[in-house]
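Colleague: Each chain is listed here by its residues.
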Amino acid sequence: MDFSLNEEERLIRDTARELAEKEFAPRSAEVDETSKFPADNVKKLAELGFMGMNVEEKWGGAGLSSLAYALAMEEISAACASTGVIMSVNNSLVCDPLERYGNDFQKETFLAPLARGEKLGAYCLTEPEAGSDAQNLRTSAVREGDHYVVNGTKNFITNGQVADTYLVYCKTDPEAGHRGISTLIIDAKSKGLERGNKENTMGIRGSSTCSLFFTNVRVPVENRLGEEGSGFKVALSTLDGGRIGIASQALGIGRAALEAATKYAQERKTFGKPIADLQAIQWMLADSVTELDAARLLTHRAAVIKDTGKRYSSEASMAKLAASRASVLIADRAVQIHGGYGYIREYPVERYYRDAKITELYEGTSEIQRLVIARSLLRP
Amino acid sequence: MDFDLTEEQRLLKRTVREYADSEIAPQVARYEDASEFPRPVVMALWKDLGLGGMYCPEEYGGIDLDPVSYAIVVEELGRVWPSLCIIVSVHNSVGVQLIAEHGSPEQKTKYLPRLNTDWVAAFSLSEAGAGSDVGAMRATAVRDGDHYVLNGEKNWVTNGQNADLTVIFVKTDSQAGNRGITAFLVEKGTPGLTVGRPERKMGIKASEAVVLSLSDCRVPAASRLGKEGQGFKIAMAELDGGRIGVGAQAVGIAEAALERSIRYARERQAFGRTIGEFQAIQWMLADMATRVEAARHLVYRAAWLRRAGKPYTREASMAKLYASEAATFVSHRAIQIHGGYGYTVDYKVEQYYRDARVTEIYEGTSEIQRLVIARKWLAEHGYGA
Chain H
4 MDFSLNEEER LIRDTARELA EKEFAPRSAE VDETSKFPAD NVKKLAELGF MGMNVEEKWG
64 GAGLSSLAYA LAMEEISAAC ASTGVIMSVN NSLVCDPLER YGNDFQKETF LAPLARGEKL
124 GAYCLTEPEA GSDAQNLRTS AVREGDHYVV NGTKNFITNG QVADTYLVYC KTDPEAGHRG
184 ISTLIIDAKS KGLERGNKEN TMGIRGSSTC SLFFTNVRVP VENRLGEEGS GFKVALSTLD
244 GGRIGIASQA LGIGRAALEA ATKYAQERKT FGKPIADLQA IQWMLADSVT ELDAARLLTH
304 RAAVIKDTGK RYSSEASMAK LAASRASVLI ADRAVQIHGG YGYIREYPVE RYYRDAKITE
364 LYEGTSEIQR LVIARSLLRP
Chain F
12 MDFDLTEEQR LLKRTVREYA DSEIAPQVAR YEDASEFPRP VVMALWKDLG LGGMYCPEEY
72 GGIDLDPVSY AIVVEELGRV WPSLCIIVSV HNSVGVQLIA EHGSPEQKTK YLPRLNTDWV
132 AAFSLSEAGA GSDVGAMRAT AVRDGDHYVL NGEKNWVTNG QNADLTVIFV KTDSQAGNRG
192 ITAFLVEKGT PGLTVGRPER KMGIKASEAV VLSLSDCRVP AASRLGKEGQ GFKIAMAELD
252 GGRIGVGAQA VGIAEAALER SIRYARERQA FGRTIGEFQA IQWMLADMAT RVEAARHLVY
312 RAAWLRRAGK PYTREASMAK LYASEAATFV SHRAIQIHGG YGYTVDYKVE QYYRDARVTE
372 IYEGTSEIQR LVIARKWLAE HGYGA
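Chains H and F are the protein sequences, given in the same order.
Residues in the first sequence are numbered consecutively from 4, following the working numbering.
Residues in the second sequence are numbered consecutively from 12, following the working numbering.
Next up, chain F with everything else stripped away, as it sits in the complex:
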């Protein structure tokens, strides 16, 4: 066993951290306060660090990171700006990667180079009545010559308003349940595609979640991603990877809240000494740090399994479940350590507290993760065989 990062991974981590601290951190408050999508920051990330193509093969201009390195980058972005982190994570894992893995040669040539340089991708699976229960979706696509006609309404589309390309999942066969789902690549501005107003959220405010309306939206058959009926499989395979991403984001948030708490505990005086000298504070810090460390290694382990080509569904769910709950726990304690100042926006921990909360919800709620873990675990122990 070896828990160390490779030299290359350490360098990557340092590079992203330095960039995030110097270039990104000063911009966070402005965009968060305005709930504005930070397009210039995203474009700079693509240009300066190549982070638009983390899962894109080099032949299409990507940097093609291994999953552990990917988790490291996501964690570092989460530490500085959770909204930006999810924007980048969605773009790469359920945008670029889906096309790299399932796209036709034409689709790859057409889209991947653009997504590495000046485009943003989005992923659209959920509907108002179909969240965890994907098969309940109602949006449809009907074949019409060399086109499909898409109709329906999708929601919770991260990057939805700004995306230049969205992977949209709809039913091509409404009788076939999960097997009737097909994925399409839909470009911004396609007639019949209307983007709704972004949801007003508790946290990750600079990341947009929108409703997409499809009204006789005509898409060329060549824009179908994979075969008809393969959509569910495509979406589910990437959910495991997406969970590593959200797990890494949660670790980054927790790490940031912990760092700020340690700093504050060293500085803040009460009753003639720093509050870090009180056991009440020490206890919180110890529990926070232990959970952060455990969460980080669950995330790395899941990513490592993926890289090794081994099954990692249960491990990804465990990483996501544990890390997201650690993030809410740690950011909650961070506010407590900061006292009243933690409740003001100036100290940032209230933002981490709000931002952390979503990690227990998206990419499969904690309840879905527990379901996955329990089912897999029971199956590994001969149940339901």
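Chain H with its partners taken away, still in its complex shape:
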């Protein structure tokens, strides 16, 4: 047992923190206000190798551990949650499955530019009628010679408007249920692919989320990731890793909210003394500190287990469930501690409050996490 970080992990965390505090934090309110995709931030992440952190170096990645990734995600998200999710999707949801299931041609052609951050990826599973119930997706891919012809609609696609490469889950056999799903790598410039308007979201407003419309999009068969029919497995195993990313994002938002509340509690005076002296405020801080740390331990544990190659679905779900809940509660308390000032945009906590909420929804709602955990507990 060892709860300390090694030299490399500390270095990654500190590097991420420095970048985030210096470059991202000063602009995060503006990113939120203008809903502008923070392209400059993504470029800086790419320079540090943070867009393909876990990918082997020979495929353009940084070859770092999942724990290092979790640490960096927390730091980046503490400064700018929008940047955090852009990074999380590219790392966890696109690079990770490409590396695990891709052949050398696909790694060379698609993974390497994504891992180097020259290109940006998006993960396209959700549809208007298939969210948590992913196996009911309807986008179809029909084989025609050495191509698939893709038709359908995907929505809530993070990085949707700006991505160069999409991982698209399609039905290649509509009769086979979840065994009829396959994964296709689709270039954003493909003919017949159209992007919808950016969703007007409550939080993470810098992240570009939109629908994608596929009309007779022709995709070479060599762009199929893994076997035909293996898509559901690819999708679910990918989400396990994604949950570590989102748990870390939630930790970052929660930590930022807690730090803002800690600072405000010391400055703000009522009845002749700082509100930090009041037990009502101390109680909120103590609960926030404790819940955040508990969630962080769960998250780091899931990351460490992932790297051992053992099964970690339940651990990742626990981490995501606990971290997202902690984040929402901590942001809520941070607003409460700020009183009326917490409700206005001059202070960042109302943004943390809005940003935190998404972590209970995407990459599996809290309800889906509970389902995953319970199934694992009840498995005979």
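No lab work stands behind these hints, which were simulated from the structure alone.
C-beta: ideal position from N, C-alpha, C; glycine also.
Among the hints, a few may not be true.
30 angstroms max Cα-Cα, derived DSS-like pairs, lysine-lysine [to be verified]:
| hint | chain 1 | residue 1 | chain 2 | residue 2 |
| --- | --- | --- | --- | --- |
| 1 | H | LYS272 | F | LYS387 |
| 2 | F | LYS387 | H | LYS266 |
| 3 | H | LYS313 | F | LYS24 |
| 4 | F | LYS387 | H | LYS276 |
| 5 | F | LYS387 | H | LYS25 |
| 6 | F | LYS387 | H | LYS360 |
According to the in silico footprint, chain H covers these stretches of chain F (three or more CB under 8 angstroms from chain H) [as the list claims (entries may be wrong)]:
| hint | segment |
| --- | --- |
| 7 | 303 to 309 |
| 8 | 327 to 333 |
| 9 | 389 to 395 |
Here the structure of chain H is known, so what remains is to put chain F in place on it, guided by the hints.
Modeller: Chain F in isolation, oriented as in the chain H frame:
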């Protein structure tokens, strides 16, 4: 980072679990029903597994466990019998350990070997008017030649009636507040030491909490633990460790309630299927398991920090706060999953529910833990410097 137990720790965990399941579990109901201190069970634990000397150096016959291993043992005992768990935990952490760390060579030679084999230790700090606010204590010790004369009344003394040796904290200087507190080792049967009737409690019934009356109780000066005025420091240093112990106990209770709930959810049928197939039950189980896991790692982390010689006051308080609240939450849900059967004593979860409750109270209430966490946290962020 490495969240795994070492090979040695896994072996220890397995050994204690097997022993607890086969030797201890069958005896729980009898002692709990009678609210009786399980002296034979405790003595067997000392004899069979050496658990009377978990924090005792090997040269005095102890097994000298590291704090993580200690937490593992306490958790396993808590899982099977919370009362026994606290008896053992108090004996080791605020009995044996205090003597091992602060005792004179004579005190160690005299007491440690006995505490490893056939004695039980107790710890006496609280008074009716001085719980969390230790400095408000009123019991006194006045020097008289080569003796001290102790007077006053202490309460909530765990193991108090059965203890062969009790570490008692009293004031040697009533004007000096916390700095006027001194610790003494008082043997059972010392004239002037009267043990009151055990409190009748909601849970942990086989563990006794008694009132100790000191009436001109003469104790040799050689029985003073540490120096005059050091008592507060001695007591407080061990409170952090004690919190890891109660945190581990709470994890054990929560784990037991969770295990029983999973088993019941797999077996019990309703509307033609097992209740585990209903989301209402799945939700509860998922939340329970998540909290148990988080609590366990908070406890291990605090213990690991202690072992590494790093500061761990805030982490111990977080572990204790979170684990105790997890234990009450999980045991509450366990009853709910069991429905009416959970309310009967046969299914044991009602015992865990009652037993869990005390973990939010002793070794510093949840309110004290929050105070410690908030103060430390604020200080780490430059407040009050």
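Colleague: All hints, please: hold or fail.
Modeller: Each hint, compared with the structure:
At roughly 20 angstroms between alpha-carbon atoms, LYS272 of chain H and LYS387 of chain F fall within 30 angstroms of each other, so this suggested pair holds. Simply put, LYS387 of chain F and LYS266 of chain H have alpha-carbon atoms about 14 angstroms apart, close enough for the 30 angstroms limit, and the pair holds. Distance hint between LYS313 of chain H and LYS24 of chain F is fulfilled; the C-alpha atoms sit about 22 angstroms from each other, no more than 30 angstroms. The hinted pair formed by LYS387 of chain F and LYS276 of chain H meets the criterion: a straight-line CA distance of about 18 angstroms does not exceed 30 angstroms.
At roughly 27 angstroms between alpha-carbon atoms, LYS387 of chain F and LYS25 of chain H fall within 30 angstroms of each other, so this suggested pair holds. Restraint check for LYS387 of chain F and LYS360 of chain H: satisfied, since their Cα atoms lie roughly 29 angstroms apart, inside the 30 angstroms limit. Chain H is given as covering the segment 303 to 309 of chain F, and this holds because 5 residues of the stretch bring a CB closer than 8 angstroms to a CB of that chain, at least three being needed. Check on the segment 327 to 333 of chain F: 3 of its residues sit with their Cβ under 8 angstroms from a Cβ of chain H, so the three-residue criterion for coverage holds.
Note: the segment 389 to 395 of chain F has 4 residues with beta-carbon separation from chain H under 8 angstroms; the three-residue rule is met and the coverage holds.
When held up to the earlier numbered hints, the structure conflicts with none and fits them all.
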